[in-house]
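Number of protein chains: 2
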Amino acid sequence: MKLLNTDTLEEVREKLRTETEEMKFRTCVMDMEESCGFICAEDVFSPEDMPPFDRSTVDGYALAAQESYGAGESSPVFLHVCGQIGIEEAAEISPGEGEAVRVQTGSMIPEGADAAVMAEYTEEYAPGQIICCRPVSSGENVMRRGEDIRAGECIIRRGQKIGTAETGMMAGLGIRKIRVYERPSVTVISTGDELAGEGEPLTAGKIRDINTYTLSAAAEESGMTVLNKIRTADDEAEIRRAVQTASEKSDIVLISGGSSKGNRDYTKEVLEDVTGNVFTHGIALKPGKPTILAYDRARRTVIAGLPGHPMAALLVFRLVIAHWYRMKTGAKEPFLIPAVMGSNVSSNQGRETCLPVRLIRTADGYEAAPVYAKSGSISALSEADAFVMIPRDREGIRKGERIWAELL
Amino acid sequence: MKLLNTDTLEEVREKLRTETEEMKFRTCVMDMEESCGFICAEDVFSPEDMPPFDRSTVDGYALAAQESYGAGESSPVFLHVCGQIGIEEAAEISPGEGEAVRVQTGSMIPEGADAAVMAEYTEEYAPGQIICCRPVSSGENVMRRGEDIRAGECIIRRGQKIGTAETGMMAGLGIRKIRVYERPSVTVISTGDELAGEGEPLTAGKIRDINTYTLSAAAEESGMTVLNKIRTADDEAEIRRAVQTASEKSDIVLISGGSSKGNRDYTKEVLEDVTGNVFTHGIALKPGKPTILAYDRARRTVIAGLPGHPMAALLVFRLVIAHWYRMKTGAKEPFLIPAVMGSNVSSNQGRETCLPVRLIRTADGYEAAPVYAKSGSISALSEADAFVMIPRDREGIRKGERIWAELL
Numbered sequence: 001m002k003l004l005n006t007d008t009l010e011e012v013r014e015k016l017r018t019e020t021e022e023m024k025f026r027t028c029v030m031d032m033e034e035s036c037g038f039i040c041a042e043d044v045f046s047p048e049d050m051p052p053f054d055r056s057t058v059d060g061y062a063l064a065a066q067e068s069y070g071a072g073e074s075s076p077v078f079l080h081v082c083g084q085i086g087i088e089e090a091a092e093i094s095p096g097e098g099e100a101v102r103v104q105t106g107s108m109i110p111e112g113a114d115a116a117v118m119a120e121y122t123e124e125y126a127p128g129q130i131i132c133c134r135p136v137s138s139g140e141n142v143m144r145r146g147e148d149i150r151a152g153e154c155i156i157r158r159g160q161k162i163g164t165a166e167t168g169m170m171a172g173l174g175i176r177k178i179r180v181y182e183r184p185s186v187t188v189i190s191t192g193d194e195l196a197g198e199g200e201p202l203t204a205g206k207i208r209d210i211n212t213y214t215l216s217a218a219a220e221e222s223g224m225t226v227l228n229k230i231r232t233a234d235d236e237a238e239i240r241r242a243v244q245t246a247s248e249k250s251d252i253v254l255i256s257g258g259s260s261k262g263n264r265d266y267t268k269e270v271l272e273d274v275t276g277n278v279f280t281h282g283i284a285l286k287p288g289k290p291t292i293l294a295y296d297r298a299r300r301t302v303i304a305g306l307p308g309h310p311m312a313a314l315l316v317f318r319l320v321i322a323h324w325y326r327m328k329t330g331a332k333e334p335f336l337i338p339a340v341m342g343s344n345v346s347s348n349q350g351r352e353t354c355l356p357v358r359l360i361r362t363a364d365g366y367e368a369a370p371v372y373a374k375s376g377s378i379s380a381l382s383e384a385d386a387f388v389m390i391p392r393d394r395e396g397i398r399k400g401e402r403i404w405a406e407l408l
Numbered sequence: 001m002k003l004l005n006t007d008t009l010e011e012v013r014e015k016l017r018t019e020t021e022e023m024k025f026r027t028c029v030m031d032m033e034e035s036c037g038f039i040c041a042e043d044v045f046s047p048e049d050m051p052p053f054d055r056s057t058v059d060g061y062a063l064a065a066q067e068s069y070g071a072g073e074s075s076p077v078f079l080h081v082c083g084q085i086g087i088e089e090a091a092e093i094s095p096g097e098g099e100a101v102r103v104q105t106g107s108m109i110p111e112g113a114d115a116a117v118m119a120e121y122t123e124e125y126a127p128g129q130i131i132c133c134r135p136v137s138s139g140e141n142v143m144r145r146g147e148d149i150r151a152g153e154c155i156i157r158r159g160q161k162i163g164t165a166e167t168g169m170m171a172g173l174g175i176r177k178i179r180v181y182e183r184p185s186v187t188v189i190s191t192g193d194e195l196a197g198e199g200e201p202l203t204a205g206k207i208r209d210i211n212t213y214t215l216s217a218a219a220e221e222s223g224m225t226v227l228n229k230i231r232t233a234d235d236e237a238e239i240r241r242a243v244q245t246a247s248e249k250s251d252i253v254l255i256s257g258g259s260s261k262g263n264r265d266y267t268k269e270v271l272e273d274v275t276g277n278v279f280t281h282g283i284a285l286k287p288g289k290p291t292i293l294a295y296d297r298a299r300r301t302v303i304a305g306l307p308g309h310p311m312a313a314l315l316v317f318r319l320v321i322a323h324w325y326r327m328k329t330g331a332k333e334p335f336l337i338p339a340v341m342g343s344n345v346s347s348n349q350g351r352e353t354c355l356p357v358r359l360i361r362t363a364d365g366y367e368a369a370p371v372y373a374k375s376g377s378i379s380a381l382s383e384a385d386a387f388v389m390i391p392r393d394r395e396g397i398r399k400g401e402r403i404w405a406e407l408l
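Chains as they are written, first to last, in the UniProt record's numbering: chain P, 1 to 408; chain R, 1 to 408.
Be aware that one or more of the hints could be misleading.
A pair holds if it fits inside one copy or across any two, identical chains being indistinguishable in the list.
Below, in silico cross-link-like pairs of lysine-lysine (DSS-like), each with a Cα-Cα straight-line distance of 25 Å or less [said to hold, decoys possible]:
1. Lys161 with Lys332
2. Lys399 with Lys374
3. Lys177 with Lys374
4. Lys268 with Lys249
5. Lys268 with Lys289
6. Lys328 with Lys24
7. Lys229 with Lys161
8. Lys399 with Lys161
9. Lys177 with Lys229
10. Lys328 with Lys249
Hints were generated in silico from the structure; no laboratory data involved.
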């Protein structure tokens with residue numbers, strides 16, 4: 001059964017992708033030290049070999065491996081120490097036959113040597129003379145030039161989030177600048193006569209605005225910047241002014257209506273007026289059906305009318321807007337957690353279900369316990385650890401079935 | 001076998017806990033809107049009931065449930081609509097016998113009503129007159145006052161990280177301020193003659209400083225603020241000055257030596273001089289053995305001398321310093337991922353092993369593939385997704401064994 005006038009989640013994602021094809025997120029060149037947490041905007045290639053020279057990975061003696069052949073506890077090889085190379089020094093010495101050079105972990109391996117023997121397997125029996133009681137093979141205890149990273153190798157891909165590892169590679173390779181995606185700007189608009197203002201005491205029938213704050217927090221967690229938070233009454237003219245201004249100033253506008261019907265109608269009309277391009281009028285998704293999506297071609301702004309219930313608004317934001325942002329920047333999808341469903345769960349066929357769950361640790365994995373919340377519950381928000389998607393063509397998930405959960 | 005002069009990871013954690021018992025991290029009261037990402041510093045209790053009044057969870061009619069008893073498709077109940085309550089209105093009407101009040105999702109349930117029937121199961125057959133063809137039980141489609149959250153209930157615990165859900169609960173309950181832990185301040189000191197300066201070309205034997213950047217990024221990711229980054233030569237006086245200044249100005253000082261032996265000796269001597277309280281001289285951990293820990297009682301600063309290799313320094317930072325910070329603030333331990341080991345892995349008995357792994361998705365879970373990296377490799381940093389701890393009393397992990405991995 002396909003619900004009238006609604007798109008599947010997959011269709012919504014595809015429409016949003018197509019509509020915004022020519023929209024590109026702004027990038028900028030950033031100091032490597034400031035880039036942690038940003039998304040890399042172009043492939044980064046190594047400018048040099050790492051290590052830049054053959055390097056000893058042990059404290060000991062560099063030598064031609066063949067000099068050590070046959071060495072053993074009872075048949076040590078005698079070697080003359082012809083010099084030493086500190087870790088900060090260029091190797092200006094070259095061991096010949098019967099010779100070795102003292103090196104530290106990180107020291108350059110000199111010409112003429114191709115291996116290093118660990119100090120533990122040697123003994124200095126006279127000044128400048130050692131015995132070696134273990135053979136090494138060519139390349140042993142040596143990291144070859146370029147063995148870790150070769151010049152020209154792609155070390156950070158477009159879409160990769162800059163974290164500790166990426167920072168470490170840039171530092172090690174002397175890369176001081178990187179092109180990243182600027183954080184897209186978001187305006188959050190909450191509409192509804194029943195919303196009490198900040199710090200206003202709750203009078204009868206009023207409820208407090210939750211969506212402004214949860215959507216702002218979710219946008220920030222997704223790597224966006226919240227430019228502005230606007231609250232309007234259920235008044236078409238007021239909503240129109242707010243949406244127009246927001247569309248001019250931001251890349252993404254999130255409108256969350258109260259739960260009243262009239263309100264939703266205003267939003268739809270306003271989005272049609274402002275953009276002339278509302279392309280989704282509902283998603284076959286539970287929760288999340290009353291979602292409207294528009295793309296303002298002139299101002300290159302995506303505008304989403306999200307459901308009024310906090311949990312539904314958050315899930316649609318994650319499944320549609322955050323997903324789209326990752327797709328546009330090439331960023332990785334979130335890491336999913338494997339779990340076993342802890343009880344039978346039914347779902348509406350024909351409508352994909354997004355089920356909040358708690359993840360309970362068992363001996364060797366997680367059990368997912370559904371969080372059932374009455375419509376509008378806010379404690380459910382903090383009770384759930386993750387959510388599980390139940391496909392449209394399923395009637396539910398059986399107890400004991402293996403599922404993948406996405407952390408909230 | 002216990003390695004001479006080293007502590008187990010567990011011993012190190014316990015020593016650090018005991019040494020810093022009287023050290024408290026600073027807290028501050030913060031605007032709720034700014035608090036996302038911070039750690040809550042005291043239990044937060046709900047100041048009010050949520051919802052603040054009995055609320056309809058549907059669009060329809062509020063009534064005394066008994067008025068609907070016996071209603072069915074073929075035997076509808078006739079009701080008089082005695083008024084309506086918008087979602088922003090106080091309920092000033094009270095339905096009597098044979099009466100119902102029109103309500104919206106979120107509307108207050110009036111006196112005399114204890115349930116709501118969905119509009120779908122009613123029909124207006126004349127102005128102000130409806131038929132109802134489905135019975136409701138007491139409480140049906142109503143969220144009772146305090147059902148979601150009761151006044152006085154603890155909604156955010158000390159140690160909880162403020163995220164989307166916590167933000168939503170504070171917003172819903174009108175909590176505008178929250179006491180959080182200030183980010184502790186960190187100074188990162190890198191020592192070593194072999195380190196090339198920023199932007200300096202690599203001359204023979206020099207390598208670039210990686211630890212300053214990876215440790216700074218890891219500290220920021222752990223919720224700390226990096227005050228200062230200092231680079232010193234292998235010079236005892238220079239290191240001493242840097243440590244003294246850093247200890248005065250920050251809560252945590254991270255020193256990462258180059259891999260030379262002399263360097264490590266300087267660090268130990270300097271920490272003894274400055275703090276008189278070096279309590280760990282090595283950890284029975286692979287990698288991570290050359291770790292020195294000190295607590296500067298006078299200045300209340302934890303000083304860690306970390307290994308020179310980037311991967312080892314990062315792992316010790318996570319396993320010791322970040323773990324200690326979570327313990328001090330009551331923050332949750334990281335979410336672990338269940339996986340199956342993809343190959344046999346051996347480890348040194350008597351020394352705990354921290355094994356970097358890649359997590360490869362299989363049909364119903366993850367397979368952990370060990371990342372073997374030569375000492376000092378930086379590409380290994382980005383190759384690994386997570387790490388697995390192999391206990392001291394094990395000789396390794398067998399292929400197919402179930403393990404828990406912590407995401408890097």
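Margin query: For Lys328 and Lys249, with the copy left unspecified, which applies at a CA distance of at most 25 Å: within, between, both, or neither?
Written below: within (20 Å within a copy, 43 Å between copies)
Check: Taking 25 Å as the upper bound on the Cα-Cα distance, should Lys229 and Lys161 be classified as within, between, both, or neither?
Finding: between (27 Å within a copy, 23 Å between copies)
Next item on the list: Evaluate Lys399 and Lys161 at a C-alpha cut-off of 25 Å and name the case that applies: within, between, both or neither.
Entry: Cα proximity of Lys399 and Lys161: none, with 36 Å in one copy and 31 Å across.
Margin query: At most 25 Å between CA atoms: does that hold for Lys328 and Lys24 within a copy, between copies, both, or neither?
Written below: within (8 Å within a copy, 44 Å between copies)
Next item on the list: Please work out whether the CA atoms of Lys268 and Lys289 approach to 25 Å or closer within one copy, between two copies, in both situations, or in neither?
Entry: within (14 Å within a copy, 63 Å between copies)
Notebook entry, point to check: Are the CA atoms of Lys177 and Lys374 at most 25 Å apart within a copy, between copies, both, or neither?
Noted result: Neither: 50 Å inside a chain and 27 Å across chains, both beyond 25 Å.
Next item on the list: Classify it for me, Lys399 with Lys374: is the Cα-Cα distance of at most 25 Å met within a copy, between copies, both or neither?
Entry: within (22 Å within a copy, 45 Å between copies)
Note to self: At most 25 Å between CA atoms: does that hold for Lys177 and Lys229 within a copy, between copies, both, or neither?
What the structure shows: For Lys177 and Lys229, the Cα distance is within 25 Å only across copies (18 Å; inside one copy 33 Å).
Check: Between Lys161 and Lys332, at a C-alpha cutoff of 25 Å, which is it: within one copy, between copies, both, or neither?
Finding: both (8 Å within a copy, 24 Å between copies)
Check: At most 25 Å between C-alpha atoms: does Lys268 with Lys249 qualify within a copy, between copies, both, or neither?
Finding: For Lys268 and Lys249, the Cα distance is within 25 Å only inside one copy (20 Å; across copies 55 Å).
Hints 3, 8 from the earlier list are contradicted by this structure; the remaining hints agree with it.
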